[in-house]
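Novice: Numbers 4 to 328, taken from my numbering, label the letters of the sequence shown in order.
Hints were generated in silico from the structure; no laboratory data involved.
Values in this document were obtained by computation on a predicted structure and should not be read as measured data.
Mixed in with the good hints, there may be bad ones.
With a straight-line Cα cutoff of 30 Å, these simulated BS3-like cross-link-like pairs (lysine-lysine) come out [as the list claims (entries may be wrong)]: (1) Lys69 <-> Lys38; (2) Lys38 <-> Lys285; (3) Lys257 <-> Lys274; (4) Lys203 <-> Lys38; (5) Lys203 <-> Lys269.
Derived DEER-like restraints, expressed as beta-carbon distance ranges [what the hints assert, rightly or not]: (6) Val273 <-> Arg315: 21 to 31 Å; (7) Met86 <-> Glu211: 15 to 25 Å; (8) Lys180 <-> Thr133: 31 to 41 Å.
All C-beta atoms in this analysis are idealised placements derived from N, C-alpha and C, irrespective of residue type, glycine included.
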Amino acid sequence: MKVAVVGGAGYIGSCCTELLLDRGVEVLVLDSLVKGYADAVDERARFEQIDLQERDRLHDVLGQEKPDGIIHFGAYSEVGESMKHPGKYFRNNVANGLNLLDAALANGSPKIVFSSTAAVYGMPEKVPITEDQPLVPVNPYGESKLMFERMLQWYYRIHSLPYVALRYFNAAGATEKFGESHSPETHLIPNVLLTLLGQKEQFSLFGEDYPTQDGTCVRDYIHVVDLAEAHLCALESDVVGSFNLGSGSGYTVKEVIDTTEKVTGKKVPVKAEKRRAGDPAKLVSDSTAAQEQLGWSPKFNNLESIIDSAWRWLQKHPYGYKGSG
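Please model the entire structure based on the sequences and the hints provided.
Specialist: Here's what the structure looks like:
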């Protein structure tokens, strides 16, 4: 089996590539390195530096390689940036994504597994969130992911190109080789840990007056290894559609801080701030459909194991990868 991993030099893409290779899958990593890192490409994979806007070259590469499947991680993913530069997100995540879709269709790809997001739901009507809830994104990032999901649906209906879209909640943790390294870093767990490494004076806690057990936001954290496993399940299944991926458990920001202190033995300096606009009080996944239809289940849905793996990786790579994208 040969799989093309688009965006395989990024956080989740690198961990997924590692898992595929460990399972004996031949992997071709396609990445522009605009947001990814050359050091995050598993040395066992074949690497092609390419931007999805290079339409003709993309057709040539997929035509020569003839992968048995494509996993698509190649998107911009910063919510705040998307609110400032929406065109950047629609151009890359939608227009450039269409280039990949057309190249896959032209070269007979049997399946596309797409890295989507819980941001397609916007402010959910109820929690836990199920796939049948309204899709009403509240930022261009979520909208761009939903647009690509809809493109996948039409290509399946018209061209019979199978797909699975996986709607992530909060990816976290690391493998022994690969971890989370963003510039800027916007995710909660690495920001708490970077504070302990002295790279931030204090951790900013946005909002202590939410209607939750301790007043801070509740989020669903899923180990990146479990996410990677879900992509392999999706590739191997005959199912088509969109599925949530989460642990099904929610943790408050304060619980994340407390667990971090327990795992590391260090005190996290915290500064309370006002709420950020647009932050829902609670986002937790119902991943029953993925478990029943894809045969997937999270194995590392323990917050301590997630934080411990991220902490061990960051201690070895306190400034991330060399030469950020």
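Novice: Could you tell me which of the hints above the structure violates, numbers in ascending order?
Specialist: Violated hints: none at all, because every hint is consistent with the structure.
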